[in-house]
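Colleague: Using the working numbering, the first residue of the sequence shown is number 100, and each one after it goes up by one.
Misleading hints may appear alongside valid ones.
[As the list claims (entries may be wrong)] Computed cross-link-like contacts, SDA-like style, restricted to lysine to any residue with a CA-CA straight-line distance of at most 25 Å:
1. Lys-386 - Arg-372
2. Lys-555 - Met-441
3. Lys-405 - Thr-217
4. Lys-579 - Thr-217
5. Lys-556 - Phe-640
6. Lys-573 - Phe-640
7. Lys-545 - Asp-315
8. Lys-417 - Lys-362
9. Lys-609 - Glu-587
10. Lys-362 - Arg-451
Simulated from the structure, these hints should not be mistaken for laboratory data.
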Amino acid sequence: MSESTIHQAPRLNRRQSIQLGAAGVAAASSIPLSQEALAKSPDPAVGPTTTPWVEPLPVYQPKQNVASLDPAPAAQPWENECGRAAHQFWPASGPGKLYSIHAQVAQHAFHPQLPMNTVWAYDGMLPGPTIVARYNEPALVRFHADIDPYAVGYGSPEITVHLHNLHAASESDGFAGDYFSAARYGPGVTRAGTFKDHLYLNRYAGFSTDPAGIGDPREALGTLWYHDHRMDFTEQNVYRGMFGTYLLFDDVDSGDEHDTNPKALRLPSGVGRYDIPLLFADFLMDKSGYVLYNPLEIKKGHLGNKLTVNGKIQPFFKVERRKYRFRLINASVARFYEFYLMNGTTSQNFTRIATDGNLLPAPLTMNNARVPPAARADIVIDFSKYPTGSQLFLVNRLAMADGRGPSGLTANDQMLRFDVDSDPAEPDVSRVPTTLRALPPIELHKVVYRRRFEFKKELNDIWVVNDKIFDVEKAAHNVKRGTAEIWELVGHGDWHHPVHIHLEEGRILKRNGKAPPAHERGRMDVYTLAPEERVEVFIRFRDFTGKYLMHCHNLSHEDHAMMLRFDVKP
100 MSESTIHQAP
110 RLNRRQSIQL
120 GAAGVAAASS
130 IPLSQEALAK
140 SPDPAVGPTT
150 TPWVEPLPVY
160 QPKQNVASLD
170 PAPAAQPWEN
180 ECGRAAHQFW
190 PASGPGKLYS
200 IHAQVAQHAF
210 HPQLPMNTVW
220 AYDGMLPGPT
230 IVARYNEPAL
240 VRFHADIDPY
250 AVGYGSPEIT
260 VHLHNLHAAS
270 ESDGFAGDYF
280 SAARYGPGVT
290 RAGTFKDHLY
300 LNRYAGFSTD
310 PAGIGDPREA
320 LGTLWYHDHR
330 MDFTEQNVYR
340 GMFGTYLLFD
350 DVDSGDEHDT
360 NPKALRLPSG
370 VGRYDIPLLF
380 ADFLMDKSGY
390 VLYNPLEIKK
400 GHLGNKLTVN
410 GKIQPFFKVE
420 RRKYRFRLIN
430 ASVARFYEFY
440 LMNGTTSQNF
450 TRIATDGNLL
460 PAPLTMNNAR
470 VPPAARADIV
480 IDFSKYPTGS
490 QLFLVNRLAM
500 ADGRGPSGLT
510 ANDQMLRFDV
520 DSDPAEPDVS
530 RVPTTLRALP
540 PIELHKVVYR
550 RRFEFKKELN
560 DIWVVNDKIF
570 DVEKAAHNVK
580 RGTAEIWELV
590 GHGDWHHPVH
600 IHLEEGRILK
610 RNGKAPPAHE
620 RGRMDVYTLA
630 PEERVEVFIR
640 FRDFTGKYLM
650 HCHNLSHEDH
660 AMMLRFDVKP
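Start from the sequences, fold in the hints, and give me the full structure.
Modeller: Here it is as structure tokens:
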């Protein structure tokens with residue numbers, strides 16, 4: 100089965116796509132669609148049969164930086180670079196560590212019993228490479244658009260990369276309209292190009308008004324991920340495989356369990372050894388094992404019948420009898436997960452240390468972790484409690500019948516098997532202290548404005564915020580740099596909306612008029628709205644100016660206009 104027989108090739112602008120809907124897109128496409136792709140709602144039981152636990156979990160080592168880039172990075176864009184704005188803060192000592200990542204077509208095997216699938220992936224890897232960085236050490240990543248600008252199939256080969264949710268300047272934030280390739284470019288940039296330089300200062304929020312230029316260490320993030328954010332095609336491009344991991348460390352969360360610095364937490368460490376990112380994504384496959392994209396589901400939220408961890412279906416992971424840090428990252432386009440650690444039929448406790456990449460003030464003992472689309476949860480599992488030869492399972496128990504959100508039923512999706520294989524290779528000196536990272540105060544006296552945002556679906560199946568579709572060229576709101584606001588997020592109808600706000604982490608003040616649960620009392624950047632739910636968020640706007648986004652991270656909703664632009668003004 101060739102790729103062209105199962106995928107569409109959308110080349111309509113966003114207003115045409117929204118007005119036509121899925122059937123119109125299919126009819127307007129010059130590429131025929133298979134019966135599988137046209138199925139109204141594929142039976143979750145239909146798909147390829149795969150044997151579980153036959154392949155090890157892919158665990159990636161940190162990507163190595165390069166000594167130089169040609170042309171050398173600069174504050175202003177180069178001739179062959181897409182027409183971005185100048186970098187707002189160019190470090191006097193230069194851009195720091197340099198990285199080069201290529202968005203390219205590749206072949207990927209989700210399981211040894213399945214055929215190779217064509218994916219679009221960073222450096223040809225699904226998931227993409229893991230970048231490990233440190234606060235106060237800038238990094239510049241050159242993203243190359245190497246996908247054929249005239250490629251057919253679903254998705255759009257222009258790229259714009261969002262590092263979710265680094266405190267970053269607008270020109271490096273991956274604004275949806277900043278997409279580019281060698282042949283096309285979006286309204287947020289001034290010309291096409293073969294690459295774009297993203298400067299990640301890796302500085303704490305508030306650095307520009309701090310006399311020492313450091314910012315507030317309580318604003319540190321740790322677990323981030325990057326993904327494509329191309330306007331109208333974010334869902335399709337992410338679904339094709341364009342996502343990866345970016346980890347940040349500092350003196351507190353130092354990434355070294357042997358650290359003698361008294362500030363260091365000494366959490367389980369060694370990225371790729373005892374500190375393991377786990378990226379979860381689901382894919383719809385036909386009986387032969389080829390990935391499908393269903394155009395009739397694009398306004399609901401695309402769900403797959405095969406669930407993957409680090410790009411593999413039901414892998415196993417050999418562990419030592421010691422503590423491990425797992426960074427759970429939901430890279431699915433619409434699926435919610437609720438993870439349990441199971442020993443036989445008994446759920447096991449683990450320790451939650453972070454939400455959305457932000458360390459909590461204190462660890463929480465829990466037996467489950469719900470992770471909405473784009474959200475993250477860092478947990479520590481202590482395998483010393485289990486004898487060698489034990490097998491434990493990471494299980495998703497949250498059922499979804501469609502893209503509306505959790506159905507209220509229970510699933511039993513065994514996603515990853517842990518094999519307790521041996522005693523530690525060396526003594527486990529890692530720990531989980533009773534205190535992690537203090538939270539900055541919520542300074543309500545600095546609030547200058549209160550805004551209300553209502554997320555709902557119109558009768559014509561268009562997703563809107565405050566009854567308006569996304570306008571890429573006009574800000575829905577202007578906020579003043581250095582101020583704080585309260586944003587009230589309201590969900591309508593019977594849909595769940597994981598709302599993401601770029602630039603800054605926020606703090607939930609109230610959920611439906613009540614204090615949020617313990618794991619939501621830290622800093623966050625994804626705020627889930629259950630049907631008819633209301634969340635009040637305290638948020639600040641510091642350091643950078645320019646255009647930013649708020650949107651639903653059900654990527655179907657985002658692509659169908661449930662997004663707004665806000666500009667930070669001096």
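Colleague: Which earlier hints can't be squared with this structure?
Modeller: 1, 2, 4, 5 and 8
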